[in-house]
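Take a look at the letters that make up each chain.
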Amino acid sequence: MIAHLTLPTPRLQPQCYPKHLIRLVSLRLTFLFAAVSVASAQPSVLLDAMSQELNRNFNILKEKADPPPYFMSYEVTEQETQSVSGSLGALTESDGGKDRFLDVSVRVGSPKLDNYHRVRGDRGQFTSGASLTYEDNVNSIKRRLWLETDRAYRTAAERLIRIKTNTQVKVVEEDNSDDFSTEAPAVFQQTPHKLKFDEAVWSGRIRTLSARFQHYPSVLTSHVAVLCQTDTRYLVNTEGTRIEHGRGFARVVITAAAKAADGTDLNAFETFEAVDTAGLPDDKAILAAIDRVANDVSALLRAPEAEPFVGPAIFSGRAAGVFFHEIFGHRVEGHRQKDESEGQTFTKSVGTKVLPDFLSVVFDPTRRKIGAVDLNGWYDYDDEGVKAQPVTVVDKGVLKTFLMSRSPIRGFDHSNGHGRRQPGLEVVSRQSNLIVESANAVTDAKLRQMLIGEVKKQNKPYGLYFRDITGGFTTTQRAGLQAFKVIPVIVYRVYADGRPDELVRGADIVGTPLASFSKILATSDKPEVFNGYCGAESGSVPVSAVSPAILVSEIEIEKKAKSQDRPPLLPEPMSMESKGGEQ
Amino acid sequence: MRRVLLGATALGAAMAWSAQAPAPDPVLRAMHDELERSRTLTVSSLEAPYFIEYLIDEEENFSVTASLGGLVAQRHERFRSPEVHVRVGDYKFDNTNYSGSGFSYGTRYDLERFPLEDAYPVLRRYFWLETDSAYKSAVEAISRKRAALRNLTAGEQIDDFAHAEPVHYIRAFARLDIDEQAWSNRVRVLSAIFAQYPEVRNSTVVLESGDGGFYLVNSEGTEVRAPESATYLRAQATAQAPDGMTVRDAVAFHSLDAARMPTDADLNRGVTALAENVVALAHAPKGEDYSGPVLFTGVAGAQIFAEVLGRNLAIARRPVAEQGRGGGSSASELEGRVGARILPDSFDVVDDPTQKEWRGRPLFGSYDVDREGVAAAPLHLIEKGVLKGFLLTRQPVRGFEGSNGRARMPGNYGAAAAGIGNLFISSSETTPAAELKKTLIELCRTRDKPYGIMVRKMDFPSSASLDEARRLISGAQGSTRPVSIPILVYKVYLDGREELVRGLRFRGLNARSLKDILAAGDDSAVFEFMNSPAPFALIGASSFTAETCVVAPSILIDDLELHPAEEELPNLPVAPAPELVR
Numbered sequence: 001m002i003a004h005l006t007l008p009t010p011r012l013q014p015q016c017y018p019k020h021l022i023r024l025v026s027l028r029l030t031f032l033f034a035a036v037s038v039a040s041a042q043p044s045v046l047l048d049a050m051s052q053e054l055n056r057n058f059n060i061l062k063e064k065a066d067p068p069p070y071f072m073s074y075e076v077t078e079q080e081t082q083s084v085s086g087s088l089g090a091l092t093e094s095d096g097g098k099d100r101f102l103d104v105s106v107r108v109g110s111p112k113l114d115n116y117h118r119v120r121g122d123r124g125q126f127t128s129g130a131s132l133t134y135e136d137n138v139n140s141i142k143r144r145l146w147l148e149t150d151r152a153y154r155t156a157a158e159r160l161i162r163i164k165t166n167t168q169v170k171v172v173e174e175d176n177s178d179d180f181s182t183e184a185p186a187v188f189q190q191t192p193h194k195l196k197f198d199e200a201v202w203s204g205r206i207r208t209l210s211a212r213f214q215h216y217p218s219v220l221t222s223h224v225a226v227l228c229q230t231d232t233r234y235l236v237n238t239e240g241t242r243i244e245h246g247r248g249f250a251r252v253v254i255t256a257a258a259k260a261a262d263g264t265d266l267n268a269f270e271t272f273e274a275v276d277t278a279g280l281p282d283d284k285a286i287l288a289a290i291d292r293v294a295n296d297v298s299a300l301l302r303a304p305e306a307e308p309f310v311g312p313a314i315f316s317g318r319a320a321g322v323f324f325h326e327i328f329g330h331r332v333e334g335h336r337q338k339d340e341s342e343g344q345t346f347t348k349s350v351g352t353k354v355l356p357d358f359l360s361v362v363f364d365p366t367r368r369k370i371g372a373v374d375l376n377g378w379y380d381y382d383d384e385g386v387k388a389q390p391v392t393v394v395d396k397g398v399l400k401t402f403l404m405s406r407s408p409i410r411g412f413d414h415s416n417g418h419g420r421r422q423p424g425l426e427v428v429s430r431q432s433n434l435i436v437e438s439a440n441a442v443t444d445a446k447l448r449q450m451l452i453g454e455v456k457k458q459n460k461p462y463g464l465y466f467r468d469i470t471g472g473f474t475t476t477q478r479a480g481l482q483a484f485k486v487i488p489v490i491v492y493r494v495y496a497d498g499r500p501d502e503l504v505r506g507a508d509i510v511g512t513p514l515a516s517f518s519k520i521l522a523t524s525d526k527p528e529v530f531n532g533y534c535g536a537e538s539g540s541v542p543v544s545a546v547s548p549a550i551l552v553s554e555i556e557i558e559k560k561a562k563s564q565d566r567p568p569l570l571p572e573p574m575s576m577e578s579k580g581g582e583q
Numbered sequence: 001m002r003r004v005l006l007g008a009t010a011l012g013a014a015m016a017w018s019a020q021a022p023a024p025d026p027v028l029r030a031m032h033d034e035l036e037r038s039r040t041l042t043v044s045s046l047e048a049p050y051f052i053e054y055l056i057d058e059e060e061n062f063s064v065t066a067s068l069g070g071l072v073a074q075r076h077e078r079f080r081s082p083e084v085h086v087r088v089g090d091y092k093f094d095n096t097n098y099s100g101s102g103f104s105y106g107t108r109y110d111l112e113r114f115p116l117e118d119a120y121p122v123l124r125r126y127f128w129l130e131t132d133s134a135y136k137s138a139v140e141a142i143s144r145k146r147a148a149l150r151n152l153t154a155g156e157q158i159d160d161f162a163h164a165e166p167v168h169y170i171r172a173f174a175r176l177d178i179d180e181q182a183w184s185n186r187v188r189v190l191s192a193i194f195a196q197y198p199e200v201r202n203s204t205v206v207l208e209s210g211d212g213g214f215y216l217v218n219s220e221g222t223e224v225r226a227p228e229s230a231t232y233l234r235a236q237a238t239a240q241a242p243d244g245m246t247v248r249d250a251v252a253f254h255s256l257d258a259a260r261m262p263t264d265a266d267l268n269r270g271v272t273a274l275a276e277n278v279v280a281l282a283h284a285p286k287g288e289d290y291s292g293p294v295l296f297t298g299v300a301g302a303q304i305f306a307e308v309l310g311r312n313l314a315i316a317r318r319p320v321a322e323q324g325r326g327g328g329s330s331a332s333e334l335e336g337r338v339g340a341r342i343l344p345d346s347f348d349v350v351d352d353p354t355q356k357e358w359r360g361r362p363l364f365g366s367y368d369v370d371r372e373g374v375a376a377a378p379l380h381l382i383e384k385g386v387l388k389g390f391l392l393t394r395q396p397v398r399g400f401e402g403s404n405g406r407a408r409m410p411g412n413y414g415a416a417a418a419g420i421g422n423l424f425i426s427s428s429e430t431t432p433a434a435e436l437k438k439t440l441i442e443l444c445r446t447r448d449k450p451y452g453i454m455v456r457k458m459d460f461p462s463s464a465s466l467d468e469a470r471r472l473i474s475g476a477q478g479s480t481r482p483v484s485i486p487i488l489v490y491k492v493y494l495d496g497r498e499e500l501v502r503g504l505r506f507r508g509l510n511a512r513s514l515k516d517i518l519a520a521g522d523d524s525a526v527f528e529f530m531n532s533p534a535p536f537a538l539i540g541a542s543s544f545t546a547e548t549c550v551v552a553p554s555i556l557i558d559d560l561e562l563h564p565a566e567e568e569l570p571n572l573p574v575a576p577a578p579e580l581v582r
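First to last, the protein sequences are chains P and A. Positions 1 to 583 (this note's numbering) are the ones given, in order, by the first sequence. Positions 1 to 582 (this note's numbering) are the ones given, in order, by the second sequence.
With the rest of the complex left out, here is chain P (with noise of 0.2 Å):
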C-alpha cells in the first residue's frame, strides 16, 4: 500500500463542519440500551427508512440465507457542494451539486472469522458507494437500500467461503485476533447543516483575485478557487446505532506553477481552511498570499538546482507535521499491524521507546482548533459509528497504543474511533489529527542557533531548513522498500558563515523512518498546522497534522527527477496588464 498526504485541489472533494455545532449530548449505555440524545433535530425520514430496511433485511436473511449475516450496517453519506475557481480574471468553473452515497456492511461468519478477514493484502470489497436519492422518498430509499444489500451479502457470502478454504491451506497467521470487535451502539441525532454559498459575490470575488498573476508574467499557470461544503453522515447497525453527524467545511485554494530553463516544473501553492465561507479570510489576506505564491515560483526560477545532501535541518511546523503524518503516522495504523504483507514497523514495539523521550503524539478527532486556526481532521464519530476520542499513541517517547478501527489487533480489541474511508470503499484505521507535542521546545531563533552549531559540528558549508511540503508518500508494505519520500516545495540553505539564506530548487527528502526519528534533537515552542486530505486504502479522508518546527541532526536529500521539456518555445502571446509586483 502507498499512502499519501497530498495539498487538497479544488477537484477533490472537499468535506465541511460548521462553526458553532451545538455539542448534543451523547450517551454510551451498555449494550443494547442506548438512549436517544434529542435536539432539536427533524425525526429523520432518512435514518426511519434506513432502520427499517436494515432489520427487515437482517431478519430475512439471518433466518434463510446460508451464511447467514451476525453484522449489518448502512451509512449514507449526504454531500452538498459549491464551488467556483478562475484564472487570470476568467472563470474556469462554477459547479455544486447534492449527493448521497450509500455503503452497505454484511458480516457472515462470526466475529472471530468473517468475510472482511485480510488474507496477506488482499482485503474484501463489498460496498460500492452506490447514489441514493437526497429527497426523503421512502420507495426510492428502501428499494436502492435492498438492492445494494442483495449485492453485499452474495459478495460477503461467496469471500467468506474463499477465506475459510484459505485459513485452511496457509500457515498459521502470526497474529490471530478476531476480525470484528464488540462497541457499544451509540445514539446521535444532529440536524443537518444547510450550506450557505453566495455564488455571485464569489464569482466575482474569484475574478479579482485571480486576476492578481497577472502582474507575475513569470508564473506560466494559476488558478484560485473556492470550495464550500457540507457533509452530513447516517448510520444505522444492527447494534443498534442510529447516528445523525455532520460537519461544514469551506477554503481558498491557490496554486501557481512555472518551468524553469532545464525544464523543472515548479509550484507553489498557498491554501485557507474554515467551517463555512464567513470564516475565509478577507481579499486583503487572500491577495497577499497570491503575492507570496507568484514571489515563491518567481524565486524558484531563478534558484540555484538542489545538490545531494546529508546534514543538519530545520523543518517548520508545516513541513514537520507532514513528515510525521507520513513517517509515523501510516505505520500505527492499525490494521498494518495485522497484515503480514505490511512492513510491521511498530507491530512489536508498544511499551518501547519509539521516538525522543521529549516528544509525545496524540491524534485527537474531537480538537476542532488550534489557536485560530481550523482543523481539518475531526469528526463526532468515525465511519463505524464509534464515537470520536483523543489516542496517545506515542507519551514521552514510548509507544502506547495504535489507531483502530473495529478490526481488532492483537493486545488491542477494541477500537478507538479512527475508522475511516471515503463513501464507496471499505473502512480501515485512518489518522484524524495528528499533533506532536514537545517537551523540549525552544524559540525559533534559538532552535536557528542550533541548527548553525550542528552545521558547524558536523563540519558542513550548510544545513537546510524545509519551509513547506506539498506532500508525500510512504510504503508501508513489506515487499516494497520500508522508506518514505516528501516533496519539498521551499527549501532554503541556511549558511554557517552569516551569509544569507539561500533559496534551492528541485530536492526530494528520503530516508528510512526507524532512522530518521532518533536524529530528532529539539522543537520550536510553536505548533502550525497543515491541513490536507490523506490518501489511502479507504480513500480520501480530511486530516490535520500538527507540529512545532523540528531540529533533526542528519536529514538526505536527492536530486528530484525532472521534465525533460523545455519551457514554452514561443514567448507569451501578450503582456496581461503587467505591472510592478514582481520582486
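Check each hint, because a few of them may be wrong.
Example chain P residues on the side facing chain A (calculated, C-beta under 10 Å, incomplete) [as the list claims (entries may be wrong)]: (1) 65; (2) 94; (3) 129; (4) 138.
Within a straight-line C-alpha distance of at most 20 Å, the following computed SDA-like cross-link-like pairs (lysine to any residue) qualify [as the list claims (entries may be wrong)]: (5) P:98 with A:181; (6) P:62 with A:576; (7) P:562 with A:109; (8) P:562 with A:133; (9) P:64 with A:575; (10) P:485 with P:305.
Stretch by stretch, here's where chain A covers chain P in the computed footprint (C-beta under 8 Å, at least three residues) [said to hold, decoys possible]: (11) 52-63; (12) 79-90; (13) 141-149.
Quick caveat, the hints were computed from the structure, so don't treat them as lab data. From a predicted model like this one, the values you see are computed outputs, not experimental measurements. Every residue, glycine too, gets a C-beta built ideally from N, C-alpha and C.
Since the structure of chain P is provided, determine the placement of chain A on it from the hints.
Coordinates of chain A only, in the frame set by chain P:
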C-alpha cells in the same frame, strides 16, 4: 437549482455582432490570432507545423435523474473543452495515423479547466500553452513514426491528411432556456410510475438538456461557430425473471429544442409502456434456438440500419504501429465492397445532414458543417442496392481521399471519426406494413415452421451495464462483431398469435445479412439517438455523443439465427423487495 449564467453578457453581445457583419467574437479572435502566431513554431532543427486547428466544444446543460419518485442527481453545468491539433510533416506524411499519435509526450501544463468567459488575453494564453504541448507531442510522434516505419516494408502509400476548402460559417449559439423546476418535477413524477410495478427491480428516469456548439479555426482559413442543441429524456428499467435472468428495456424521447419535447401525456404513456414491457418480459418464457425469417417492425428496422449498416459505413484506418504492437479498431464489414450489391436492388440509402425536417418534424441529425470544418452535402451511399461510397473525414482511407463532411466525433490516432447524420433508407418495392406479418406467416407455413420471429425493439443504443456489454462482446457467437441484443422479441404463430419471449441473441447478424431482406414496409420509422464510438453506442460509456437520426421502413430478413443466452444466472434475492407505498 438555478444558477447565474456567467459570461452571458459577453455572449449576448457576440450574437448581436454576428447578426451585423464580421464577427469580432473574442473567442474566435483569440483562436485566430494565437493560431497565426503558432505557425512560426519550431524547435531546434525540426519542422514547423504545416497545419494547426483549434476546436472548442462549448455547452451549458441541465440534467436531472430520479428513481421511484426521488431525485438522485440534479446538475447545471457549463464547460468549454478545447482540442488543439498540430500537424508536422506534410499532407502526405505527418505525425498522425500512428499508434502513438494523439498521445501527449512530456509534461502538460497545469491548465485545469478552460476559461468559461470570453477574456481574449486569457484565451490566447491557454491556446499558447496547449499549442506548445501539442506541437512538442507532434514532433515526438513523427520521429517515432519514422523510426517504426524503418522496420516495416512499405505497404500502400495513403496520404495522412486530405486537403479541404476553407469554410466560413458563423451562427449564434442558443442559450439554455429550460424550466428546471418544472422538468425536475416531471422527471420525479415519471419515475414514480414504477412504484405501481413492484416487480420492476431497478428503474431510473433521466432528462438532459444542453445548448452550445463548437468553435473551429484552422490554419487553412476555416472559421466556424456552429450551434448544437439537444434534449432527451430516457427511462430504463430492469426486472428479474423467476429463473434469475435479468430483463430490461429502455425508452427515450429526443428533441432539438426542449420546448418541443413530447407532452406529459406522451411521456407518461412511454414510461408506463416501458414498465409494462419489463414486467411482461419477466413473466415471458425463454426463447429457443431459431433459424428462419425475422421481421423487424417499426423502430427495430431503423435500429438495425443504424447499427448494422450505419456503423459499417465508416472505415477505420489501421495506424502505423511499432513492431509487435497491434493498433487499429475493428474494420468495417463493407471495406473494399464499393460497387458490390449489399442491399436488395430496390434499396437506396442517403445520408443527408442538410435536410432539416421530415414530414413536418425537425430532423435530429442535421448539421451544416462537421467537426473538421467541412460542409456536409447529401451523400448517396447506396443506389439500387449497390454500395457507392463511405462516410469520410479528412483522414484519407484506401481508395478515398477528401472529406465529405462526416467528421462527427473525436477519433483515434489524431483523426476524427465519421458518423451518420440523418440516414434515409427507402425501397422502391414496398409491402403495406400491416401485410408484413402475413408475409412472415406465409413463409413459415411454406417452410413448415411452427412460428416466425418478430422484433419490435433492439437494445441500441444499449442500456446494458458495462459488465453486461463486456460479456456480450466476449461471448459473441459468429465471426463478426456482435449486434446489440433484441429486447422485444415475439413468436408469431401461424394463426397470427404473438407470444413475447426473452433471453434471445442473434448469431451472425451482420452487414451481409442485409442482402437477404425479403420485404420492406411502406412505413417509415424515425429513430433518433445519441450516437457514440462505444460498442452498441452503450449509454454512458463515452464522453462524446452525436445527435443522429435514421428513417427506415420495417424489414423482413430471411435466414437469421437466434439462440438463447447462455449465462450463469444468479439466484433470486433471499429477501423480497420492500413494499412500495403508493
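Going down the list of hints, with the structure as the test:
| no. | hint | in the structure |
| --- | --- | --- |
| 1 | 65 | holds (5 Å) |
| 2 | 94 | holds (6 Å) |
| 3 | 129 | violated (13 Å) |
| 4 | 138 | holds (6 Å) |
| 5 | P:98 with A:181 | holds (15 Å) |
| 6 | P:62 with A:576 | holds (14 Å) |
| 7 | P:562 with A:109 | holds (14 Å) |
| 8 | P:562 with A:133 | holds (16 Å) |
| 9 | P:64 with A:575 | holds (8 Å) |
| 10 | P:485 with P:305 | holds (18 Å) |
| 11 | 52-63 | holds (count 5) |
| 12 | 79-90 | holds (count 5) |
| 13 | 141-149 | holds (count 8) |
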